[in-house]
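Student: Below are the chains, spelled out letter by letter.
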Amino acid sequence: MMDALGEPQSVLVLGGSSEIATATVLALPRARLRRVVLAGRASSGLDEAAATLTAAAVPGVVTLDFDATQTASHADIIDGIFADGDVDIVLLAFGILGDQAQAEADPSLAVTMATTNYTGAVSAGLHVARRLRLQGHGTLVVMSSVAGDRARRSNFVYGSTKAGLDAFAQGLGDALHGSGARVLVVRPGFVRTRMTSGLPEAPMTIDPQDVAAIIVSALRKGRETVYAPGPLRLVMAGLKSVPRPVFRRLPI
Amino acid sequence: MTDPVSPLARSDDQRVLTGWGRTAPSVAEVRQPATVEDLIDIIATAGPRGVLARGLGRSYGDAAQSGGATVVDLAHFTSLHLDPEAGTVTAGAGVSLDSILRVLVPAGFFVPVTPGTRMVTVGGAVAADVHGKNHHVEGTFGSHVSAMTLVDGTGQVRTLTPEGTPDEFWATVGGMGLTGVMTEATFDLIPLTSSLVSVDTDRTSDLDDVMSRMLEGDDAYRYSVAWIDSVHRTHRGVLTRGDHAPVDALSVKQRANPLAYSAKAKATVPAIFPSGLVNALTMRAFTEAWFRKSPTSRHGELQSIPAFFHPLDVALEWNRGYGPAGFLQYQFAVPDSAGHVVGTTLKQLSRIGALSPVTVLKRFGATNPAPLSFPQPGWTLAIDVPAGVEGLAQVLDSLDELVLSEGGRLYLAKDSRMSPAMMAASYPRLSEWQRVRDAMDPQGVFTSDLARRLSL
Chain L
1 MMDALGEPQS VLVLGGSSEI ATATVLALPR ARLRRVVLAG RASSGLDEAA ATLTAAAVPG
61 VVTLDFDATQ TASHADIIDG IFADGDVDIV LLAFGILGDQ AQAEADPSLA VTMATTNYTG
121 AVSAGLHVAR RLRLQGHGTL VVMSSVAGDR ARRSNFVYGS TKAGLDAFAQ GLGDALHGSG
181 ARVLVVRPGF VRTRMTSGLP EAPMTIDPQD VAAIIVSALR KGRETVYAPG PLRLVMAGLK
241 SVPRPVFRRL PI
Chain W
1001 MTDPVSPLAR SDDQRVLTGW GRTAPSVAEV RQPATVEDLI DIIATAGPRG VLARGLGRSY
1061 GDAAQSGGAT VVDLAHFTSL HLDPEAGTVT AGAGVSLDSI LRVLVPAGFF VPVTPGTRMV
1121 TVGGAVAADV HGKNHHVEGT FGSHVSAMTL VDGTGQVRTL TPEGTPDEFW ATVGGMGLTG
1181 VMTEATFDLI PLTSSLVSVD TDRTSDLDDV MSRMLEGDDA YRYSVAWIDS VHRTHRGVLT
1241 RGDHAPVDAL SVKQRANPLA YSAKAKATVP AIFPSGLVNA LTMRAFTEAW FRKSPTSRHG
1301 ELQSIPAFFH PLDVALEWNR GYGPAGFLQY QFAVPDSAGH VVGTTLKQLS RIGALSPVTV
1361 LKRFGATNPA PLSFPQPGWT LAIDVPAGVE GLAQVLDSLD ELVLSEGGRL YLAKDSRMSP
1421 AMMAASYPRL SEWQRVRDAM DPQGVFTSDL ARRLSL
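Respectively, the protein sequence lines represent chains L and W.
Residue numbers for the first sequence, in my numbering: 1 to 252.
Residue numbers for the second sequence, in my numbering: 1001 to 1456.
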């Protein structure tokens, strides 16, 4: 149970190796925390995330095998986690960036991106929502992206997966309205992580710790949608109103 | 062919529930059984999230809510049978002390114990084992109960008494509704010859002043409580003590109708306040006015029951005044040897700007046999705090450690944030209570957000 002062007792990360998720767990108040489940594909990244949290004295960190693309396994895995106790915060943080040119050349890569970022999230998101609805409280934090706000020539495959995910997450939040469970949609811009290493940094680039601080504040305030950084909301509102003949020529 | 039912669909009975502090909401299905048979059926067909009884929602934290569960509202369990010969009443668990007093006082009786609000049910009064201004001499509500009827976790209707079933009886007193759903209780009453209270009021200059006056003088009074001005530098206050006035203390006019009783709420705090009514400015104005309205010293003043016992009940839903972030009440009990914890708490909370209009100091008498009953001999301080104050979690955790190290504990009916470790350490009889509870509810049907949060 989240207490009166917003202190969570349990957190589930789907996509446990996510650096933004790790930073978010580190930024959460932890005086009452007793269980942190990092669910993800067995990898050095997952082990590293668990080690980072444990080294920072985050209590009750465990890892669990979870593959976003293996949707048939989601029900059992998510039911098992909730059967061990209520979950206050679920971070849906898995996703792959992929390379736009490669995806254009090899559509099977585009399919993998869509399967992970969208199909996998739809499956996991619905299973989590069902369990949050049953327990009558809890927040699902969905890591969307500004890339989903408007498809850009330079990364529209990735952007379209996030657009689908974002629309899904908003609808899910509306479906859960009044159930005690909530959905927080997070739309980061360019974040310095393993996923983006080697790419040229965009304006307003931030670190995972910055996104984490924004998520923790949004959780406290009960927000439904946040941009990271916040002013990106205005930038994206502007970009969305740019006519397409102009937009497609923009160097973004 | 039937349409599939979405697991995300809402049912009409779903309600967002919080405690009086309006923090940490959860959603449950609220049902109002009409009969004991309905109640047994609800318990027998409980889903995996279980069942919990809720009264008038005056516990501050998450004691009367349970996310995803079936929450039982005993609004139909309102029977009331007064036995004037025996001086007892048998009341349905859903009856409020407010309704009871409207019947009892004109008949020449008073409830054995009333908390600072009369808007609590009999079920809630037993479950939280509430105390009032007479704890130092007469103990808790549960200490005056001679019998109760309860449906346990197996759906069995049981009559519990302190003599016949002491383990189950005392596990239910203060058991926060986790041993079963109480449907009815019989308790002893205080006979009255008038509905007025003879009150001695004294302003106090600081904490030492009020505490020494209470140590010296409280034993001479049935009722005693001190209001502390937590905003003021010296923690000045107002000490009010008294007892029911005998009819011959009344004026001739009052004697015409010595048991007259009228209790009305005068105002409702509106639902929406942008930043809450409670801020530094209103707080100082309120505490100043409260202090000033009290006489420096006035003895033998006749006050009405609502004015003396339930001053906050004049404003309905006053809890909304704290705004959307809600508030909590920190209430601890410590032995006499740890009176310094009172001053430390006031200092620590004012240091972070946690201002409180309602701060109440009281002396507790002997404990009763209930393993989870809160009161223990010594001091108890209750202080309201807005939940949004920066640094509050850390300060309260450090105060918890101090309370624990002095052999004290926190009141479950007020708690909304202590740790499971604090709970287990400060209530050393928790495991003894759990054994009895497990026998009464082997399947774990009864649970609450509080029970989950504190691993009860």
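Note that these hints are calculated values from the structure, not bench results.
Warning: the hint list may mix true and false statements.
In silico SDA-like cross-links for lysine to any residue, where the CA-CA straight-line distance does not exceed 25 Å [claimed, not checked]: (1) L:K240 / L:D99; (2) L:K221 / W:E1390; (3) L:K221 / W:K1253; (4) W:K1347 / L:D99; (5) L:K221 / W:R1452; (6) W:K1293 / W:D1336; (7) L:K221 / W:V1389; (8) L:K240 / L:F190; (9) L:K221 / W:A1263; (10) L:K221 / L:S197; (11) L:K221 / W:F1110; (12) L:K221 / W:A1325; (13) L:K221 / W:Q1014; (14) L:K221 / W:P1324; (15) W:K1253 / W:R1452.
Counterexamples of contact, computed for chain W against chain L with all Cβ distances above 12 Å [claimed, not checked]: (16) S1066; (17) V1071; (18) A1075; (19) S1099; (20) A1147; (21) N1257; (22) L1430; (23) S1455.
The beta-carbon is built from N, C-alpha and C at its ideal position, and this holds for glycine as well.
Student: Could you run down the list of hints and mark each one as holding or not?
Tutor: Results for each hint:
1. L:K240 / L:D99: 23 Å, holds
2. L:K221 / W:E1390: Given pair K221 (chain L), E1390 (chain W) holds - Cα atoms ~14 Å apart, limit 25 Å.
3. L:K221 / W:K1253: 57 Å, violated
4. W:K1347 / L:D99: 59 Å, violated
5. L:K221 / W:R1452: Holds - the C-alpha atoms of R1452 (chain W) and K221 (chain L) are around 24 Å apart, at most 25 Å.
6. W:K1293 / W:D1336: Distance ~30 Å between K1293 (chain W) and D1336 (chain W) Cα, so the pair is violated.
7. L:K221 / W:V1389: 14 Å, holds
8. L:K240 / L:F190: Holds - the C-alpha atoms of F190 (chain L) and K240 (chain L) are around 17 Å apart, at most 25 Å.
9. L:K221 / W:A1263: Violated - the C-alpha atoms of A1263 (chain W) and K221 (chain L) are around 39 Å apart, more than 25 Å.
10. L:K221 / L:S197: Distance ~32 Å between K221 (chain L) and S197 (chain L) Cα, so the pair is violated.
11. L:K221 / W:F1110: This hinted pair is violated, its Cα atoms lying about 45 Å apart.
12. L:K221 / W:A1325: Answer holds: K221 (chain L) to A1325 (chain W) is near 9 Å, not above 25 Å.
13. L:K221 / W:Q1014: 23 Å, holds
14. L:K221 / W:P1324: 10 Å, holds
15. W:K1253 / W:R1452: Violated: K1253 (chain W) and R1452 (chain W) sit about 55 Å apart, past 25 Å.
16. S1066: 8 Å, violated
17. V1071: 10 Å, violated
18. A1075: 21 Å, holds
19. S1099: 30 Å, holds
20. A1147: 34 Å, holds
21. N1257: The claim stands: N1257 (chain W) keeps its Cβ more than 12 Å from every Cβ of chain L (closest is about 45 Å).
22. L1430: 17 Å, holds
23. S1455: The assertion about S1455 (chain W) is violated, with a minimum of 9 Å to chain L.
Going down the numbered hints, you'll see the structure goes against 3, 4, 6, 9, 10, 11, 15, 16, 17 and 23, while the others check out.
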